[in-house]
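> Listed here are the chains, written in short residue letters.
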Amino acid sequence: MGKLWVISIASISILLPFLCNAFSPESPTDRRLLVLLDDFAIKSSHSIYFNSLKSRGFDLEFKLADDPKIALQRYGQYLYDALILFCPSVERFGGSIDYAAIIDFVDSGHDLIIAADSNASDLIREVGNESGVEFDEDPSAMVIDHISYAVSETEGDHTLIASDDLIKSDVILGSKRIAAPILFRGIGHSLNPANNLVLKVLSASPSAYSANPKSKLSTPPTLIGSAISLVSIVQARNNARILITGTLSMFSNRFFRSGVQKAGSHTKHEKSGNEQFLTEISKWVFHERCHLKAVNVKHHKVGETDEPALYRINDELEYSVEIFEWSGTSWEPYVANDVQVQFYMMSPYVLKTMSHDKKGLYSTSFKVPDVYGVFQFKVEYQKLGYTSLSLSKQIPVRPYRHNEYERFIPAAYPYYGAAFSMMAGFFIFSFVHLYSK
Amino acid sequence: MARSLAGFLVLLLVVSICEAASLFQPVSDSHRSAALELFTPDHGSFKSLEETYEALRTFQIFGIEKKPDVTASACRSISETVGSSTSTSKDLFYALKANSIAECKIHETASKGIISSLNAAVSAASSLLDFYYSVGGLVLIKDQSSKDDIHLADAEGVFRSVKAFSQSDGRWRYSSSNPESSAFAAGIALETLAGIVSLASSELDQSLISTLKNDISKLFDSIEKYDDGTLYFDDKLVDGYEYQGPLSITSSVLRGLTAFAAVTTGNIDLPRDKILGLAKFFLGIGVPGDAKDFFYQIDALACLESNRVSIPLILSLSSAVLSLTKKDSLKVRVTTVLGSNAPPLTVKLVGAFSSVSKDASLVESQELKFDQGSGLHILNDLLKSIDVGSYTFVFEVVLQEPEDEKVYVMGSQTKVPIFVTGLVKIENSEIAVLDSDLGSVESQNKLDLTAKNDVSLSANHLQKMRLSFQLTTPRGRAFRPHQAFLKLRHESKVEHIFVVGNSGKQFEIVLNFLGLVEKFFYLSGKYDMELTVGDAAMENSLLVAIGYIELDLPEAPEKAPRPPPQPVDPYSRYGPQAEITHIFRAPEKRPPQELSLAFLGLTILPLLGFFIGLLRLGVNMKNFPTKPIPATFAVLFHVGIGAVLLLYVFFWLKLDLFQTLKVLGFLGVFLVFVGHRILSHLAAASAKLKSA
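Residue numbers (the numbering used here), protein chains in the order written: chain A, 1 to 437; chain B, 1 to 692.
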């Protein structure tokens, strides 16, 4: 037994440097994923999704959600970069994982995918709640849509929805358009309007509602129309990313392979859009794209190269920063026309859009305002889907020194003239007074 | 506890995957395409012989002729394994299994070599798996080489030593040292024992066979069950041993049972609905995405298809959604699990129950017509009593030949959920504003709910609004849709939903604005109206804009609830901000330079006047000392004054105060000295002059 301990500690200490390297600011893509399942059957019934992750180089570890040995961290180090919760009905996680551990995991910048389902447990609902979404409280409710449902031979209660109301963002969903509708069967959720970090990626159609398909409705359902979100994403302030959805079957092989025909439409798609949609969005969630970094922040006076310790009011200065985007394998120059820099003291005095050279170098020049004090160069870059950049650099601005003002002012010539003529007069007068007879 | 929970979750999964819980489809084309996708050889060959066998076996079951060309590479690795003397009995077993399908040629001497090595392995075997591989290998050789001289020397002894692993509950242990028993091992043991029976040179003791049959029925007693009637075997999750999962365990038991039933005479007495439940289990999991699971499923279904105990028949519908408008007919197909045709039989529809009132059947029992060409049982005209809605149809299958009853097993009654859809007639739709107290109609508008309407109404909080319409099913009955919502949306995007209630065919909602003022947050203005009517049975579900109503509501009192915050459009949240440029302080206004120069000139004028005045006065230097010493002092004095003035000029141009004061100090002392000398000289001179 003692020997075992020694061996395990030794192996951990050997592995530790590698484990720590997996997630770093230098290569932000996640590597190690923990997948928590209700049942190992999901591993096989959802294998296309898992295989697509594996083929992209992720290291998936499958565990039952109630496995008593699961843990997210050991000796203060996180063992995984991201967590996939495919366990909608788990009431209590096994091991050291609980609600607080998952929140801490995300708070430390790790990613999360939550798939709830009808009969989702309170625990999963709570984790969703913490991420800014609220699942329908009625445990038997499902999203029903009598107009844009998927035509099916075996099923007629219109809970299988063909949805194509996607967020218009190439950066989240990839540049290739998702042509086929996405199959969805599960529970809906709504977004907290006060939370501006959470985004609806796939929303239900205006005719959808969330109710129990088996019982008659007497009161209006709480979730209705396009306010129902089917799939949402969160980008936290620490750039952790979360994907929340009310369905597990959306990830299943059956939905991936199934053809789809939207009711009322005559085009029958050979394959649903699920695979493309979920693959693209998993690339986003696991930081394979839309992850920005800013380096080489520089500023100096026009015509100089060294960074001064402080500026004087009315100096002309140049500011530049290099921004790169992570492409999954390397850092590529980021090209956009809306990166802005602020010269900030309590409020922005100057806010200017920077020009770029298409190689990631953004620069601009402007004149220091004629207000002295401690300023900041601020770049607060937020764009839909991208990680936010927040750079700030403090720089004091001083007023003119006494000898830096204009020396000889033409308007003062009469005063100079008066003084000097007075002095000349005095000199002459001294002769006249003393020696004239 | 953990297992039962997991089992329950499997059920959830099964239910969620195959929505109609009691409708199972036989293996379909999606399985075939999945098979080709899952068993794709890596660079022309599979990773192991076990995998090769699984791929070949799956292709064989499906009859996929156009199989990826793996036979050549499979044969190469088979002959390598068989020819090598270091191969374990497990390797040999899988090589022979793969060979049973690939049908490669095995060298005569090699096959002799393996027979002897397998025989040796049988006698040296100590665990169940040892027996399984070695006995299995021998059986395979026997089948392939069609030689009769292969048999076990001491079949009965081997049989007893395998039987020693059996437990009282029908499960088996892997070895005598391992106390854990499992159903998976039971399947393996049955297959091994079947092999021993077929290898035995003489008839085995019948009592051994009958105790074994007894074990099988005990094993089937421990079968586990889901709510939807599917059955499966499962083991306890044991630490330290690889847990197999219900799919592989059930598959293993079925393989063992089939093999054992094939070699014994006489019936194995098993409840027939258990076999059916197992078939439903395998069909219910859909298409597994894992090659191993896929093989277990297909292999088990193949066992069910060909076993000697009973062959399950599956009733499936080509479509569970029937449209009254398209006059869809009810088509039922009865097949075996792998989709091959069933023996001649008749299908009866014995009942149809509405999901609303479950008491009485809506139809008389009747037989479906069999269509020889398509192999379908068809009921052409849905009965008059069947209206739109969701139903549960109950079918009964009766085999025509009594002989078949012993071979095939079929549930006594199969319940199938059916959705009947149709066009619902919408009539008499109108919207009106009523005066509250009198109920008199102020303005009334007819609506056409199939198209967009453009009604514009106005009302104040003392009035009411009434919306009404009628829904009739194709059979002329009242129809009550699941979804009948009226939505009012204020300009500020605050939405209010109302459920439209009904009495019979008539749907009506009256909005009494007086009572709704608080709910509407006292927001006056334009409200867009939208009506949604939808149901699973309704083919013409609609979401239609009605128009708008201009509401004039009273001012909000101070404590009135505020409307909830509305979500912000995500697109507008981001994007560049407006640029800000600093407005610099304007420089002070100055006179033009010419003016300054002109005034400079003016300041010189008094000096000029002074000069002119001096000249006019006739200034002279007659008092300048004539003696050299006072003259020197006079010159020095004036040089000193000039120096002080010059110092002031330098002070203006470049010097600072301290430098100036320093120099001024020296100059001052000098000036005092020379000044005193010249001034006292001048004073003495003038005093002399006065006194004279």
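Read the hints as simulated data drawn from the structure, not as lab findings.
Heads up, a few of these hints could be off.
To be verified - FRET-style restraints, in silico, Cβ to Cβ:
#1 Pro576/B - Ala419/A: 21 to 29 angstroms
#2 Asp59/A - Gly113/B: 40 to 48 angstroms
#3 Ser52/A - Lys326/B: 47 to 55 angstroms
#4 Leu523/B - Thr329/A: 35 to 43 angstroms
#5 Ser52/A - Ser111/B: 38 to 46 angstroms
#6 Glu491/B - Gln382/A: 26 to 34 angstroms
#7 Thr267/A - Ser217/B: 38 to 46 angstroms
#8 Phe429/A - Lys662/B: 38 to 46 angstroms
#9 Ser116/B - Arg92/A: 51 to 59 angstroms
#10 Arg312/A - Leu645/B: 24 to 32 angstroms
#11 Pro592/B - Thr305/A: 36 to 44 angstroms
#12 Ala419/A - Lys622/B: 42 to 50 angstroms
#13 Ser686/B - Phe429/A: 42 to 50 angstroms
#14 Asp59/A - Asp143/B: 40 to 48 angstroms
C-beta: ideal position from N, C-alpha, C; glycine also.
> So, for every hint listed, does it hold in this structure?
Outcome of the hint check:
1. Pro576/B - Ala419/A: 21 to 29 angstroms: violated (57 angstroms)
2. Asp59/A - Gly113/B: 40 to 48 angstroms: holds (44 angstroms)
3. Ser52/A - Lys326/B: 47 to 55 angstroms: At 39 angstroms between Cβs, range violated.
4. Leu523/B - Thr329/A: 35 to 43 angstroms: Violated, since Leu523/B and Thr329/A (Cβ atoms, about 54 angstroms apart) do not stay within the stated range.
5. Ser52/A - Ser111/B: 38 to 46 angstroms: holds (45 angstroms)
6. Glu491/B - Gln382/A: 26 to 34 angstroms: Hint holds: Cβ distance 29 angstroms, inside 26 to 34 angstroms.
7. Thr267/A - Ser217/B: 38 to 46 angstroms: Check failed, 55 angstroms falls outside 38 to 46 angstroms.
8. Phe429/A - Lys662/B: 38 to 46 angstroms: Given a distance of about 27 angstroms, which is not inside 38 to 46 angstroms, the answer is violated.
9. Ser116/B - Arg92/A: 51 to 59 angstroms: Hint holds: Cβ distance 57 angstroms, inside 51 to 59 angstroms.
10. Arg312/A - Leu645/B: 24 to 32 angstroms: Given a distance of about 36 angstroms, which is not inside 24 to 32 angstroms, the answer is violated.
11. Pro592/B - Thr305/A: 36 to 44 angstroms: Holds: the Cβ-Cβ distance is about 41 angstroms, inside 36 to 44 angstroms.
12. Ala419/A - Lys622/B: 42 to 50 angstroms: violated (31 angstroms)
13. Ser686/B - Phe429/A: 42 to 50 angstroms: violated (18 angstroms)
14. Asp59/A - Asp143/B: 40 to 48 angstroms: Holds, since Asp59/A and Asp143/B (Cβ atoms, about 44 angstroms apart) stay within the stated range.
The structure does not agree with the numbered hints 1, 3, 4, 7, 8, 10, 12 and 13 stated previously, though it agrees with the rest.
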